[in-house]
Structure formats: C-alpha cells, structure tokens
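*Asks:* Residue numbers (our numbering), protein chains in the order written: chain Y, 68 to 377; chain U, 68 to 377.
Hints were generated in silico from the structure; no laboratory data involved. These figures come from a predicted structure and were not determined experimentally. Worth double-checking, as some hints may not be accurate.
Identical chains share a label here; the pair holds if one copy fits it or two copies do between them.
The calculated lysine-lysine pairs, modelled on DSS-like cross-linking and capped at a C-alpha distance of 27 Å, are [said to hold, decoys possible]:
(1) K326 - K87
(2) K351 - K316
(3) K186 - K365
(4) K326 - K365
(5) K355 - K316
2 protein chains.
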Amino acid sequence: MILLDVTLRDGGYLNQFNFKYDSIHEILLHLENTNVDYVELGYYKGPASGGEGLGVTANINLDVLEYFKELFPKIKFVIMLHPKNVSIEELEVLSNKPIDLIRVCITEASLDQGLEYVKRLKRMNHKVSANFTRATWIDPHIIASYMKQAENNGADIVYFADSNGSMYPDKVAEYVKTILQYVNIPVGFHPHNNLNLALANSITAIQHGAKYVDSSLNGLGKGGGNLETEIFISYLERTNQNQKFDLLKAFEGKDYIIKEFSYSSDYLLNLLFGIKDYSMDYMKVVTKECESNNFSVKDYIYHNNIKGCS
Amino acid sequence: MILLDVTLRDGGYLNQFNFKYDSIHEILLHLENTNVDYVELGYYKGPASGGEGLGVTANINLDVLEYFKELFPKIKFVIMLHPKNVSIEELEVLSNKPIDLIRVCITEASLDQGLEYVKRLKRMNHKVSANFTRATWIDPHIIASYMKQAENNGADIVYFADSNGSMYPDKVAEYVKTILQYVNIPVGFHPHNNLNLALANSITAIQHGAKYVDSSLNGLGKGGGNLETEIFISYLERTNQNQKFDLLKAFEGKDYIIKEFSYSSDYLLNLLFGIKDYSMDYMKVVTKECESNNFSVKDYIYHNNIKGCS
C-alpha cells in the first residue's frame, strides 16, 4: 500500500495555490515525520484551468523543487501536469531534476496527447503515472482500455480519479476489478469526500487490488475534500496493516492545517454535486443559473437534473 | 432498510440528557419531516450508569411520551432500557403506552436477566428489540447464539452495537453473516464513528442483510458520535435506494443541531480508543492513569496496551 499525499497540490484549490514557503516547509516536515510514501508538491505549469494569477504550487519552480529536495532528501517528490499547459518539447527541462514521479492528467478528449506525454517522459527515464480524471463519466472497460494503452506507452502506474466525489464502494470495486483485467502495472485511486465515502472507497480500492491511494492532511482539497491522510492511517492501524506510517505525526500535520488554513466550503452543495455526479467545475454555472431563475439552489439541484453538468 | 434515529437518546451523553422540551419538539419536527422510520426518545430509568442527576431523555416520563405522541402521531417512538435499572414488575406500567418499540440492552453478564425482560415485554404485546452491546468483546458465534435465545424468548429484532467505535467493514460483515446463520428475525446495527467508519460499516451491514441501522442528526452521540442520519440518506440517494427519506429536511435538522448543540469532543482520543477497541467508559480512568504517571495520554495509548480497558 503506497500513500501519496496531495495536500499541497489538491489543497491549492482552496487558496489559489498561495502557499507561503514556510508553510510548505512545515507541511513537508509533518509529511516526512508521518512517513508518507510520496508528496505531490504541486502542478507544473498550472491546473486544468491554466496557471494565470495563481500561487506557487500551481506551477512549481524547478529551483524551488531542488531546494526542498535538498532540505528533505528522504521525501519522494511528485509533480502533476496537464499536457495542454506544457508543450512536449518543454518536458526536456524536467531532465535530471529530483522528481520521483510525474503524473500526467488525461481525459477522454486528451487521450492521444496524454499518451504521447507518457511516452516522452518515460523515454527521459522518469517514473510516470497516467492519471485518468472524471472516471465516472467513462465506462470502466473503456477507461481500462485507455490504461492499457498508457501501459504500452511506458506508464509505471495508472490512476483513476473520483473527480466528482460521486463514487461509492460498489462502483470503485467495479472500476478496480475491470482495470486489473487489462493492465499489469500498479493501479492508483484518487478519492474525493463529497459523500463522506473517501475512506470506504479507498478501503474497497485497496481490497480489490489497487496499490496507490491519494490523501491529504485534514482532507485539504477541492470541493468535498480528499481522503484524510490521518484517517486512512488510523484504518491501517486498526486492521494491523500499518507498517510505516506515524498516526500521531499525521495528526500534528492535521492540527497545523486546521490552525493555518480555515476554508469554509458548502458541505451540502458539495454533497449534492456528489449525488448527481456533477463536475465541481460547474458549481459556479449551476449556482448562477439557479440564482438568476430565483430558484433555491439546493432545492433545485436536489429535485432536478441540470443539463450540461454530467 | 429501516432507519432508527437516536439523536435524543445517544446524543444525551453529550449534554447529560438535558434536552429542553422545545428542543425535543424541534428535533422531532425535523425527524418527522425527514421521515425516519423510528425515533428513540430516550432511556426509560436511565443509561447503564443509572439516571441520577440526569436530564429528561435519561428517563422518559410516560406522560411526556404520551404528549409527544399526540403532537406527532405519525412518529413511531422507541425507548431503551437497562434491566438493572428497572425491576421486572415495573415493566407493567409500560402497558398500553404509545411505545412502538422497546429496546432492551443486554451484555454478556446480564444475559439471563435480559432474556427474561424480553419475554415479559413480549407477553405484554410490545414490539421488542434485544440490543447486545460491546459486540467486539464477544465472539460472533457466541453473540449469535445469545440472539437465537432472544428470538426464542420472543424478540422481534436483534441488534449488535459497535459500542467502542472499533469495528471496520470486514468485522461488521463477519458479525452480520454469522448472526444470520442463527436467527430468522431482522438484525440491526448500531454504529459509532470513532474511526470515521460508521458509514462504511453501515453500508456493509445492510449489504450483508441487516435491516435496521441507528443514526443521529449530525452524528450527535457518545464518544466518536453516531452515523449521521443525513449522510446515510445521501448514500441511499446516490445509489438509488432512497424511497422515503428527505435529504434536505435531514440537513435542516443537522443545521439545527449544529446551531444549538456545540459539544467539543477529543477527536484523536476517541479515534485511539477505537483503534484499541477500548470502551469509552474507561476514558476517565485511562486519562487519569496517564496524567498521574506524567505520560502524554495520546502517546501512551498509541504505543501501549492498557490493562482492564478491553
């Protein structure tokens, strides 16, 4: 079981990626103490919506990366990138940088480009993960066939993301089982917690053969948040599967996040988006549509299906 | 699937059962709007530790019960009792009262007495549930054999409680499957949320054949809290199993609870008790022992096994 912490990357959606350097330092310290396997430092060249006007973990400076690697030599660092934000030639600057894993985001629409990026990064001797987003909008057999192509292009890991926070255990089991019929490389799962199912889904993923799980301190992350690193460790502890993680150190990290980053999100709205399997990217569109029609947003979403969101 | 709300009974551990009558009224209104199947109004004659100095839902006055039944005729009311707090003759005063279900708490030590109470209440034509507490401390086959005896004594339902908040899905599955090999009456599950597994455990219980699940608004309840009524409904909603509950009304109830009842509990301490399968009743003993020895309570519990707690 390999735990990949995404506090600095996915948590960035809550503060426009504006982490101060000493906050990054402190978070890395907590994660090193907790002994998580991988730490995602941020995006390279921006999230899906681009990097304009965003803070430091939206576009990791490679000198900064080297600086933190020197300070935390034991941490395995991860960066995530969207092919549309980086030309394939630009990938060359990542050569010989202390990056232990590069994750390439791939949607159905960007499949061919994504596969090219995987191939190129692999030729540069990087460890590469092909991360398929919005898995619920793609049939499990289709996504598994894409993953097989990623494997053939050299991917070391394939991930599927519950981007809308709408998965439930049976659904996760269906995806993992199907994917494992197609690929021989390790499978990873990126949960979201809109339905309070991030833990249940991650347990199910692992029990069906997934090897990697993403989590963040206190669940800091987009929309309904992520799986809480410390909660997942407590499950491993309870079931005698914890061989390396330090639960109390993870809780120190959680306490730091609670103290420093108090973002309020609309719990019920995120939950309703999870129930409807709507992308969180449409949250503004939906709430605007409701408001302009004088609908109560939550009543409207609960009782209707809104076109274009799923 | 039958949802039994325990906000007023289990939530009472957080305010010494001191609910004001207009709070009870408002909570019942939210629960009626949500359309939960059963509402537990409180204990009759006190919780396990007795009822001295406790508030109204620690010992429901039968006139009060009749008053609320008149106000909310659609609600099915439940009371819970511990045999050691009520003599078997006293049960007669419950005759012809508007009680839709009586739950008798049974431990291994009180088995024979508990079975007698089940038999007596059944003879009085009550609907009766035999509720076995601290299930993790009793082997599943043993607890199932006790439940078979309860069935033979007339019980309509048998429950097992994750009193220590220490169960995880595989464990819940083991209990439900074993119990169903022994009994033919419906099985219920009372979760706690110390390990953030109340939802995962309840889903597992239902999928393996349990029919009743206990929950409370906002999870209001002892120690790590209960399964959140509104979260369980959202799961049913997402998986197209919700035929009767109103999610938005449940959230109105949750909001009321958040507004009126802000009790802080030590999240990590409850979680550590769940990991260790310690009874929450020993929390004071354990923290005192650690403090008198100048141990850091959490470090000590995490790294040691404390005798007498499990």
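*Asks:* Each of the hints needs a verdict: does it hold here or not?
*Replies:* Do the hints match the structure? See the list:
1. K326 - K87: within (15 Å within a copy, 34 Å between copies)
2. K351 - K316: Between copies only: 24 Å across, 37 Å inside.
3. K186 - K365: Answer is neither: 44 Å inside a copy and 48 Å across each miss the 27 Å cutoff.
4. K326 - K365: The answer is between: 20 Å across copies meets 27 Å, while 30 Å in one copy does not.
5. K355 - K316: between (42 Å within a copy, 23 Å between copies)
Hint compliance for this structure: hint 3 alone is broken.
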